[in-house]
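Model the placement of chain B on the given structure of chain A, informed by the hints.
Respectively, the protein sequence lines represent chains A and B. For the first sequence, the numbering used here assigns the number 1 to the initial residue and increments by one for each residue that follows. For the second sequence, the numbering used here assigns the number 1 to the initial residue and increments by one for each residue that follows.
Bear in mind the hints are in silico, worked out from the structure with no lab data behind them. By construction, the Cβ of each residue, glycine as well, lies at the ideal position given by its N, Cα and C atoms. A couple of the hints might just be wrong.
[As the list claims (entries may be wrong)] EDC-like, lysine to aspartate or glutamate: derived pairs with alpha carbons at most 16 Å apart: (1) B:394 x B:412; (2) B:76 x B:63; (3) B:451 x A:426; (4) B:216 x A:229; (5) B:255 x A:559; (6) A:186 x B:412; (7) B:430 x B:412.
[Claimed, not checked] Listed next, with one range per pair, are the computed distances between beta-carbon atoms: (8) A:559 x B:139: 55 to 63 Å; (9) A:283 x B:159: 29 to 37 Å; (10) B:451 x A:290: 23 to 31 Å.
[Stated by the list, open to error] To spell it out: a stretch of chain A is covered by chain B in this simulated footprint if at least three of its residues, at any positions, have a beta carbon under 8 Å from a beta carbon of chain B; those stretches are: (11) 47 to 58; (12) 397 to 408; (13) 430 to 443; (14) 505 to 518.
One letter stands for each residue in the lines below.
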Amino acid sequence: MATLLRPVTLLVTLAISVNSWAETICASPEYRLATQASFGATPDLLAAIRAEGQQGWIDQQLAMPVSGSQLNRTIELALKIEPDINWFGKNGFNPDAIARVQNFQSSAWWQAALASPGQLRQRVAFALSQIWVTSIYEPPLQNRSEALAQYQDLLLSHAFGNYRDLMEAVSLSPTMGVYLSHQGNKPGNPDENYARELMQLFTLGINQLNPDGTPVMVNGQPVATYSQDDVMELARVLTGWDLVGNHRYGARNKLQGTYLVPMEFTPEQHDSDSKTLLGQQIPAGLTGKEDLQKALDIIFSQPSLPPFVSRQLIQKLVTSNPSAAYVKRVSSVFVDNGSGVRGDMKAVIRTILLDPEARGKEPDSVPAHLREPVLWMSGVLRYLNVEPADQFQWRNGPLLTGIYWFKQLGVGQDPYRSPSVFNFYEPNYQPAEQYFGDHDLVAPESSLMTGESLIKLDQRLTDAFAYMDKSGLDVLPENQLAQARLKRNRTAFNISIDSMPLMHQLEIALDGDASGDFHYLQQVTRPLKAAQRDYLTDALGKFVDQVAVDLTGCSLGDDTRTEVVSALIYMWGKDPAAGKNKAEKDKHGKGKKLSPLEASQQAHDWVASTVRLVAMSPQYWVMH
Amino acid sequence: MKLSRRDLLKLAAAMSVASVDLPAWAATQPAGQKLENDDYKALVCLFLYGGNDSWNLLFPVSDEQGNGAGGGRGFKTFAERRGELATSHKDLVLPAGNQFDQGNPYGKADEAYRSGFYHLDNLWGMAACAPELAMLHRDRQLALIANTGVLAEPVTRSTINEQNRPYFLYAHNHQQYALASANALIRTRLGWAGRLADNWNPDSKSVLGSVIALDKPFHTTFGATGSGLILPSTGPMAFEDSFAKGDKKLSRFGKAIQTLAASGNSDAFGELVASRYAQSLSISQTLQTWWLPEAPWPKTTASYGEDLFSMPDDGLVGLNGNLDGGLMRQLEATARLIDIGRRTGHKRQLFFISMGGFDTHANQAGRHPVLLRSLSLGLWHFQNAVNAMGISDKVTLFSQSDFGRTLSMNNDGTDHGWSGNQLVMGGAVKSGVYGTMPDLREGSESVMADKRGRVIPSIASEQVTAELLRWMDVPDKDLHLALPLLERFESSRKDRLGIMA
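Chain A on its own, in the form it takes in the complex (with noise of 0.2 Å):
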């Protein structure tokens, strides 16, 4: 097997050497940051966790710019692999190839999360995605999803920006206006429908919250933060908004006014009379921004805002039920940064990151979330070096590399596809099972783990070992290979993985060498030997805590490994030709010897299946 011979890039490894298999070694400093701050961890991502240091790291990451347009991505990505497109209309993308924009921002969304270096800004636009909550499931928004690449660059750029400017952005945001439909308001009835989830779901929510996130009670029962009246007095307040180019005022239709741009305001349709908002007054005859400013200014000083905003980030990124001293310290940061200024992201980030609970020294309260899918999937591939498509190819265009092609992840999340403003979880979910209740303990992301959709994320991974390995690719002969790059070019996702320093590591286990020959395997004879049962074992089991602390930071217990070693092993005992003609078994069955080509095959199953197994382990849904 030719490709074996490459140059050997084993995998750095967490610096934990599996002496005894009796315990179970669990999360690093540094896998624990990764799991909170980025995508997955990676080699790479541990080593410079290490280098700089956690807070030099997390400064680091605040300290990087934007790395690149989400919106231009999607444009050359339509560009690319639809050359013969006329893709430019008069208000952006072209009516003839709208509905096709989607899947280039799905591709752009995937491929910043699984390779940008600036991974926690990522990570926390994606957070923040999951509570300013937009949606292709809007019309026209399914048409014209520039508008959700558009909006991701929005959140992206104010990630480490004020709080109080993201509410700004959002608000004038022509994604949102279309989304939650306060685009094209009018005085008279204006629509309700932002003006009410403004302050319920995005800054304030229903009660009205102490510093420390817990309920304000007054005789013995909360406190509304606002009032039937007041979500009607802010609907007054955002009138006037509408596209830029729309034919139309108020008019919504797929083919009109640009979502690059924020959306401009007409006088004529402003209901410019005085409001009143939250007990305070916004006094008659101001222009719309003014108006606007006012109305987010009262939102913005109300103290729920702070614990609201603060408890949801610490859940998106590192526990799902922070106590309430650490609500408080990360609230109070928010209140202010230290130099007096209110709603500062990189104060309140790095708080919520470097805060004691955080980074597991508070014995009693281990923080911990479960991934969501997205976060599920996004780990494991970065784990397995996940790469743009090879070869890639979409409608008989042009053969090209550099896609990251992400269609459809179809698994209950995919981002920018949440079927209501109330995201695909709540954050205040707790699941059925008692044990949650009686604890008063939430399990937000538990909502999507059905068992369909944990079937769905296997097959996903499954596909990904099957036609997109490279490794696996190599030594398939031609015309399985056109047939695996065909099958590939037809599904939801296609990019490339590597699992070569896998192959390495269980090779190293095996043979104490990665020479790429497995020679091991091409001794053993089957049925196996009792001693040969033994060796396998034994190897296998180095192999499969080697893949469990790399993927989840933890070696599985001794129970979990032994099981999914004697699976391997019975996996291998399995002959391939069961059932076939009797040819076929003599060529496999009892006493023959693997060839070189199925003894690597042999390995690459092993890897598959291995890395299948952990990843439905407790050990990596669990976020640590």
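Quick look at chain B alone, frame taken from chain A:
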């Protein structure tokens, strides 16, 4: 979050595959019926997420004067309040049979939403986009509950205050929670179906519990000892290599998953993950065993001549927008699971399914017709399948939604309102329209003071649920456990709606 051993045991118990089958009361049912499982009833709850504008599904059509409904209760006031969303006052004719031989009965598709209505009785009409629902009413298999919704106690415009109104009225999620828990006063974790199931016989180890949600969790099914199963509406699926080829048994790889699933790492989150994998495996196994490759109903065609649970051709329906295939898929899965439930000896089952997209703040005239059309078609297919299986009196479906919407328009849609109209469908239903016609005029006791036309419900959602649970033979003590506020609306027998035969 290190757990004590006691905690772990408790967690494990709670997380063992949530399943209940024979309800305790079923044991007291008379035995000796002809069919193997003649004592079977299924109740299907269809949740319309986002707040369906059901005042444009069922609406007043009579005169207000003379022999009409009275001031504010007829078509004139309705049309005034709805503005551009009002339908024309045109009585459409339903086809005589079960199929549209002459094309759409509502005429030109792009005007369907406002083209008229099918008379249900002197007072009420059904939207033009829902001809199949009107046919179901004609065929005495559909009841409509008018002016119903989430209530904390009976109120009117002049008696409503902070204490007697539902908790966070107009907020999607809190109204959904209120419907799930059947408690509009406070946010509680458990749902009415979950509380019922808590009292059902827990001895059975069958994976097919009596409470089944399709595709996602429903708070309604959350009980103290577990929750409803979540089954995929797509039918059987399994982890690759997890079952031996052509076998219903777990392969070695499947067993490895099972073992991983048994190793929760002594952490509540880990245990949660583990239990989800365990459930996934057992669901795959059960569905692979029981889900039939062929449909369990005789071949039947629906309104456009299409096969049951297939979508009619877009050109025939003619609306500008995609019909909701997700609802159709869930309804088909429900019909198949009902068949499986009967074959596996279950006696009472509750199903929870859903459809989204009803939050029509914008472009309502373009979007709502497609939603109503999907709903009408889907329910027609489902009822036809149930009829074809010969169990129409054993299956009842009812709808719920976050809230109704404002009678008045914003720019081109409607905002969050309160009361709405809901459906109860099946062979055991006494068809007709239940509830009184509200006075929709501004200033009336039936609408909130804020001028947008947020109608105040006169029938609590619990009253409808109670009717259905009684039909399921739920004893009174369990009924009141499931619906804690029921007595506020049903102080005596005469307050009962009497929807079910």
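Inset, instruction - For the pair supplied as a hint, residue 451 of chain B and residue 426 of chain A, confirm whether the alpha-carbon distance does not exceed 16 Å. - result: Distance of about 32 Å is beyond 16 Å: violated.
Legend entry - Hint consistency between residue 186 of chain A and residue 412 of chain B [alpha-carbon to alpha-carbon, up to 16 Å]: Status holds; Cα separation ~11 Å.
Legend entry - residue 290 of chain A and residue 451 of chain B - C-beta distance against the hinted 23 to 31 Å: Distance hint for residue 451 of chain B, residue 290 of chain A holds at roughly 27 Å.
Legend entry - Within 8 Å of chain B's CB atoms, at least three CB atoms from the segment 397 to 408 of chain A: coverage verdict: This one is violated; 0 residues, fewer than the three required, reach chain B with a Cβ under 8 Å.
Legend entry - Coverage assertion for the segment 505 to 518 of chain A with respect to chain B, Cβ distance below 8 Å, three residues required: violated (count 0)
Inset, instruction - With a cut-off of 16 Å on the C-alpha distance, tell me whether residue 430 of chain B and residue 412 of chain B pass. - result: violated (37 Å)
Inset, instruction - Would you mind confirming whether the straight-line C-alpha gap from residue 216 of chain B to residue 229 of chain A stays at or under 16 Å? - result: violated (34 Å)
Legend entry - Verdict on chain B covering the segment 430 to 443 of chain A, criterion of 3 CB contacts below 8 Å: holds (count 12)
Legend entry - Assessment of proposed distance window 29 to 37 Å (beta carbons of residue 283 of chain A, residue 159 of chain B): Taking Cβ atoms as reference, residue 283 of chain A and residue 159 of chain B lie about 36 Å apart, which means the hint holds.
Legend entry - Three-residue Cβ test at 8 Å for the coverage of the segment 47 to 58 of chain A by chain B: It is violated, with 0 qualifying residues against the three required.
Legend entry - Satisfaction of hint between residue 559 of chain A and residue 255 of chain B, Cα-Cα up to 16 Å: Status holds; Cα separation ~13 Å.
Inset, instruction - Compare the distance between the alpha carbons of residue 394 of chain B and residue 412 of chain B with 16 Å, and conclude whether the hinted pair is satisfied. - result: violated (42 Å)
The structure does not agree with the numbered hints 1, 3, 4, 7, 11, 12, 14 stated previously, though it agrees with the rest.
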